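S.K.: Sequence:
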Amino acid sequence: MIAPLRDIAGCGLYHPRMQKPGTLHVVATPIGNLGDLSPRALDTLKGVDAICAEDTRHTRQLLSHFGVERPLLALHQHNEEAQSEQLVARMLAGDQLALVSDAGTPLVSDPGFRLVAAARAAGVRVSPVPGACAAIAALSVAGIASDRFVFEGFLPAKGGARRERLSHLAAEARTLIFYESAHRIEESLADLGAAFGGERPAVLARELTKLFETVLDGTLASLGEQVAADANQRKGEFVLVVQGAGDDTDARLVEGRRLYQKLAGHLPPSTAAKLAAELSGAHRKSLYGSG
Numbered sequence: 001m002i003a004p005l006r007d008i009a010g011c012g013l014y015h016p017r018m019q020k021p022g023t024l025h026v027v028a029t030p031i032g033n034l035g036d037l038s039p040r041a042l043d044t045l046k047g048v049d050a051i052c053a054e055d056t057r058h059t060r061q062l063l064s065h066f067g068v069e070r071p072l073l074a075l076h077q078h079n080e081e082a083q084s085e086q087l088v089a090r091m092l093a094g095d096q097l098a099l100v101s102d103a104g105t106p107l108v109s110d111p112g113f114r115l116v117a118a119a120r121a122a123g124v125r126v127s128p129v130p131g132a133c134a135a136i137a138a139l140s141v142a143g144i145a146s147d148r149f150v151f152e153g154f155l156p157a158k159g160g161a162r163r164e165r166l167s168h169l170a171a172e173a174r175t176l177i178f179y180e181s182a183h184r185i186e187e188s189l190a191d192l193g194a195a196f197g198g199e200r201p202a203v204l205a206r207e208l209t210k211l212f213e214t215v216l217d218g219t220l221a222s223l224g225e226q227v228a229a230d231a232n233q234r235k236g237e238f239v240l241v242v243q244g245a246g247d248d249t250d251a252r253l254v255e256g257r258r259l260y261q262k263l264a265g266h267l268p269p270s271t272a273a274k275l276a277a278e279l280s281g282a283h284r285k286s287l288y289g290s291g
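Counting with UniProt numbering, you get residues 1 to 291 for the letters of the sequence shown.
It cannot be assumed that every hint is accurate.
[Unchecked claim] With a cut-off of at most 20 Å between alpha-carbon atoms, the simulated EDC-like pairs for lysine to aspartate or glutamate come out as follows: (1) Lys46 / Asp102; (2) Lys262 / Asp191; (3) Lys210 / Glu187; (4) Lys20 / Asp102; (5) Lys262 / Glu164; (6) Lys235 / Glu187; (7) Lys262 / Glu237; (8) Lys235 / Glu186.
What the hints contain is simulated information worked out from the structure, not anything from laboratory work.
Bear in mind that the values here come from a model prediction, so they are computed numbers and not experimental data.
Let the hints inform the model, and build the full structure from the sequences given.
M.R.: This is the structure in structure tokens:
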């Protein structure tokens, strides 16, 4: 007779032929309005053995509001790799675990990728419990083409790296979605305008589903002006939806501007504009001085 084995996470005794593996439930939580927590999400959180949370203090407040008392396990970018093996072992031993982030859908600019990948590699079932996502919520109200889009998350914090990233995105034809923080929103709008052209249509969604929710539309240049003129528009959490480069003419212009900005640091402006126009197919006069 084969003796029972103890699982490596110390969760009790089990027999490998008798114990059915648990499930990792990836649960979306509200991004602001607590009424957006779905009944299924609430039932799932009540029924699991433990909840993996990005910030246990934040999640404890959410659970307390709904009267949920479950063990919380910290899972964030600094410990996810080390924790994933132990958490997978618990699920292989039969535990049901939930994964939540501070707000919205886990893994969308939040930790969780390593745990999900490790669970799937081990044969553990991973089940989504969908709900709020700030990027999709903003796209749904932006009035900008939503059939094809690119989610870029947060732009680099340092100006040079941010402008470099934007220079590679300027010719993207699909709608672009960015997250941004309050203390960088003005700089990011300015850099977006310089890289994409200030006339590019965009929508800035702030504090979605919360008390002071605002959704501003216009061009990158006009959004920058609105944010600069109103201190309230520099507070909270932001999602920026930017129209793609569009037709070939727009794409050539964007690429020409990107090349001009690169070349202008090493060549006279007129020479830089001439070379950028030749390489991109854009009109030289539309590039001269765009840096």
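S.K.: Lys210 and Glu187 were given as a pair; does the straight-line alpha-carbon distance stay at or below 20 Å?
M.R.: 24 Å, violated
S.K.: Against the 20 Å threshold, does the CA-CA distance of Lys262 and Glu237 hold or violate the hint?
M.R.: 32 Å, violated
S.K.: Taking only the CA atoms, is the gap from Lys20 to Asp102 under or equal to 20 Å?
M.R.: 30 Å, violated
S.K.: Tell me if the straight-line CA distance from Lys262 to Asp191 falls inside 20 Å.
M.R.: Distance of about 14 Å is within 20 Å: holds.
S.K.: What's the verdict on Lys46 and Asp102, does the C-alpha distance respect the 20 Å limit or exceed it?
M.R.: 17 Å, holds
S.K.: Assess, step by step, whether the Cα of Lys235 is no farther than 20 Å from the Cα of Glu186, and give holds or violated.
M.R.: Cα-Cα ~11 Å, so holds.
S.K.: Starting from Lys235, check that the Cα of Glu187 is at most 20 Å away, please.
M.R.: 14 Å, holds
S.K.: Need the status of pair Lys262, Glu164: alpha-carbon distance at most 20 Å?
M.R.: Roughly 10 Å separates the two Cα atoms, so the pair holds.
Checked against the numbered hints given earlier, this structure breaks hints 3, 4 and 7; the rest are met.
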